[in-house]
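Trainee: Generate the whole structure from the sequences, applying the supplied hints.
Residue numbers (numbering that gives the first Met the number 0), protein chains in the order written: chain A, 0 to 106; chain B, 0 to 169.
Please note that the accuracy of each hint is not assured.
Below 30 angstroms or equal to it, Euclidean Cα-Cα: the simulated DSBU-like pairs (lysine-lysine) are [as the list claims (entries may be wrong)]:
hint, chain 1, residue 1, chain 2, residue 2
1, B, Lys-75, B, Lys-14
2, A, Lys-60, B, Lys-52
3, A, Lys-60, B, Lys-83
Simulated from the structure, these hints should not be mistaken for laboratory data. This one's a predicted model, so the numbers in the text were calculated from it and none came from an experiment.
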Amino acid sequence: MQSWRCMVEEDTLENEVVEAELEIRNVDGLHMRPAMQFVDIANRFESQITVSNDQTSIDGKSIMQISMLAATCGAKLRIQAEGPDARQAVKALRELVEEKHFDEPIP
Amino acid sequence: MNTANNEKQWANEMKLSDFVCFEATAPDLQAGDRDTAIIELVSLLGQAGQLGKAKKSQIQKEVIKRENEASTGMGKGVAVPHVKHKAVKDVAAAIGLSHRGIDFSALDKQPVYSIILLVSPTENPDQHLQAMECVFTHLQREKFRKFLRQCRTPEQIKDLLLEADEDPTL
Chain A
0 MQSWRCMVEE DTLENEVVEA ELEIRNVDGL HMRPAMQFVD IANRFESQIT VSNDQTSIDG
60 KSIMQISMLA ATCGAKLRIQ AEGPDARQAV KALRELVEEK HFDEPIP
Chain B
0 MNTANNEKQW ANEMKLSDFV CFEATAPDLQ AGDRDTAIIE LVSLLGQAGQ LGKAKKSQIQ
60 KEVIKRENEA STGMGKGVAV PHVKHKAVKD VAAAIGLSHR GIDFSALDKQ PVYSIILLVS
120 PTENPDQHLQ AMECVFTHLQ REKFRKFLRQ CRTPEQIKDL LLEADEDPTL
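Mentor: Take a look at the structure:
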């Protein structure tokens with residue numbers, strides 16, 4: 000019984016799902032340089048990262064797919080991380096997008 | 000084709016034929032290296048009148064500088080070198096194909112066979128993003144990449160792009 004409970008807890012930990020809505024704040028939007036920063040950070044985490052806009056959901060670790068979002072300044076993206084480090088992944092991505100706004104000018 | 004119509008409002012869904020300059024396609028690039036390929040493609044855009052008042056040599060230099068900062072070789076044999084310039088009025092793209100492959104220091108370290116080079120106006124970052132969206136929507140499809148690489152004439156490139164604009168799976 001004890002071991003069963005441990006399994007569940009471990010499982011729960013491993014499958015944590017964290018979601019957040021992020022607003023693109025830099026003037027030039029999610030062009031290639033920011034997209035590469037995004038993918039670079041996303042790839043530091045084990046969690047699976049999905050990014051969605053109104054039309055599509057893509058793999059947040061793929062530079063080609065991120066470039067397909069054409070997220071302009073003011074656009075809102077939903078990100079979902081699933082895995083053992085989901086919380087840290089979302090935190091790091093939020094920092095990049097909303098706090099540092101990719102180290103680029105804002106309006 | 001780029002219409003250079005300033006009044007035109009770019010719809011959300013941009014098409015390849017809205018910005019790819021069909022007079023600026025090179026189905027058999029002779030360039031053996033990245034910089035020569037970039038210089039050739041920018042020249043084609045210049046000859047086609049797509050650079051506005053910008054100097055060809057200036058754009059060439061800036062695209063290479065941008066490329067040196069971070070490779071636009073996205074893997075899978077494609078690269079999308081680009082630059083924004085204030086003298087450019089509307090986003091315009093040239094396409095070059097290399098049969099032997101060019102070293103672009105791509106993310107996957109593999110040679111690049113298809114180059115889509117974009118110049119965009121500085122003042123309209125959204126237009127640049129929409130053109131990029133369109134380019135990558137197609138480039139991430141294996142079928143499109145293969146067909147593009149197989150093109151041997153400017154007409155074949157044009158036909159493929161027009162077909163891709165109409166076919167959501169290509």
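Trainee: None of the hints should be skipped; say for each whether it holds.
Mentor: Hint check:
1. B/Lys-75 - B/Lys-14: holds (22 angstroms)
2. A/Lys-60 - B/Lys-52: violated (38 angstroms)
3. A/Lys-60 - B/Lys-83: Given that 30 angstroms is the threshold and the Cα spacing comes to 26 angstroms, the pair holds.
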